[in-house]
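The chain contents come next:
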Amino acid sequence: NAGVMQNPRHLVRRRGQEARLRCSPMKGHSHVYWYRQLPEEGLKFMVYLQKENIIDESGMPKERFSAEFPKEGPSILRIQQVVRGDSAAYFCASSFRTGGAVQPQHFGDGTRLSIL
Amino acid sequence: EDQVTQSPEALRLQEGESSSLNCSYTVSGLRGLFWYRQDPGKGPEFLFTLYSAGEEKEKERLKATLTKKESFLHITAPKPEDSATYLCAVQGGYGGSQGNLIFGKGTKLSVKP
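Sequences listed follow chains A and B, in order. Residue numbers 8 to 123, in this note's numbering, belong to the letters of the first sequence in order. Residue numbers 1210 to 1322, in this note's numbering, belong to the letters of the second sequence in order.
Think of the hints as simulated: they come from the structure by calculation, not from any bench. Careful: at least some of the hints might be erroneous.
Derived lysine-lysine pairs resembling DSBU-like cross-links, with alpha carbons at most 35 Å apart [said to hold, decoys possible]:
(1) K1321/B <-> K1277/B
(2) K34/A <-> K1251/B
(3) K58/A <-> K1321/B
(4) K69/A <-> K1314/B
(5) K51/A <-> K1266/B
(6) K1321/B <-> K1268/B
(7) K58/A <-> K1251/B
(8) K1268/B <-> K34/A
(9) K51/A <-> K1288/B
(10) K58/A <-> K1288/B
(11) K1321/B <-> K1272/B
(12) K1314/B <-> K1278/B
(13) K34/A <-> K1314/B
(14) K1277/B <-> K1266/B
(15) K1288/B <-> K34/A
(16) K78/A <-> K1272/B
(17) K1251/B <-> K1314/B
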């Protein structure tokens, strides 16, 4: 999955701490998506962003979770006051603009978040 | 509610034994159906996009087809390196985000030499 870069690959946090996950999209891609994958579950959509705009955050929990995609730098998924249930693999994807024909989303290799 | 169901959950094949994976979907205004391959510890790798019923796409030993209710991923003469989890996802266009993908839980394929 060269292209979409996520870091860190693994992140361990204690309950109550903050987790910051970073995603750099493929070159030329202006759309970023975050998904969460729980064990034995499918990938679930969280949030869709363009540069400096949140387009759809319907899949993101209302509390503790936030996302941004600034004009410069990577997209950030931030989880405040983490709880055990936040343990999961978080994947970022990117695509070209979707104004016309649907473009495929290309995924990074994810961040595995473990909460102690 | 938009939904994707994949079957079987797991499939074991002998090398060279052809088979098909199924993806049934319900979605408001299908804009695209996507197949991905996911290896352990990795992110999904894009394989195909299908846009309308009757469309087919091929890549090496894989062929994806689409009807109004389901898609099939046909694997011809598989090799051990085809072992992976295959994911199906749809993107709808009405009454919600036009960006997010709805994924099935996947089919875990094992190909024995």
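Hints versus structure:
1. K1321/B <-> K1277/B: holds (33 Å)
2. K34/A <-> K1251/B: Distance ~20 Å between K34/A and K1251/B Cα, so the pair holds.
3. K58/A <-> K1321/B: violated (46 Å)
4. K69/A <-> K1314/B: It holds: about 25 Å lies between the C-alpha atoms, which stays within 35 Å.
5. K51/A <-> K1266/B: Given that 35 Å is the threshold and the Cα spacing comes to 26 Å, the pair holds.
6. K1321/B <-> K1268/B: The given pair, whose Cα atoms are some 21 Å apart, holds under the 35 Å limit.
7. K58/A <-> K1251/B: holds (26 Å)
8. K1268/B <-> K34/A: holds (25 Å)
9. K51/A <-> K1288/B: Roughly 30 Å between the alpha carbons, so the hint for K51/A and K1288/B holds.
10. K58/A <-> K1288/B: Outside the cut-off at roughly 42 Å; violated.
11. K1321/B <-> K1272/B: Given pair K1321/B, K1272/B holds - Cα atoms ~20 Å apart, limit 35 Å.
12. K1314/B <-> K1278/B: Holds, because 17 Å separates the two Cα atoms, which is no more than 35 Å.
13. K34/A <-> K1314/B: Satisfied, since the Cα-Cα distance of roughly 29 Å is no more than 35 Å.
14. K1277/B <-> K1266/B: Holds. K1277/B to K1266/B sits at ~16 Å (cutoff 35 Å).
15. K1288/B <-> K34/A: holds (33 Å)
16. K78/A <-> K1272/B: violated (40 Å)
17. K1251/B <-> K1314/B: holds (16 Å)
In this structure, the hints that do not hold are numbers 3, 10 and 16, in rising order.
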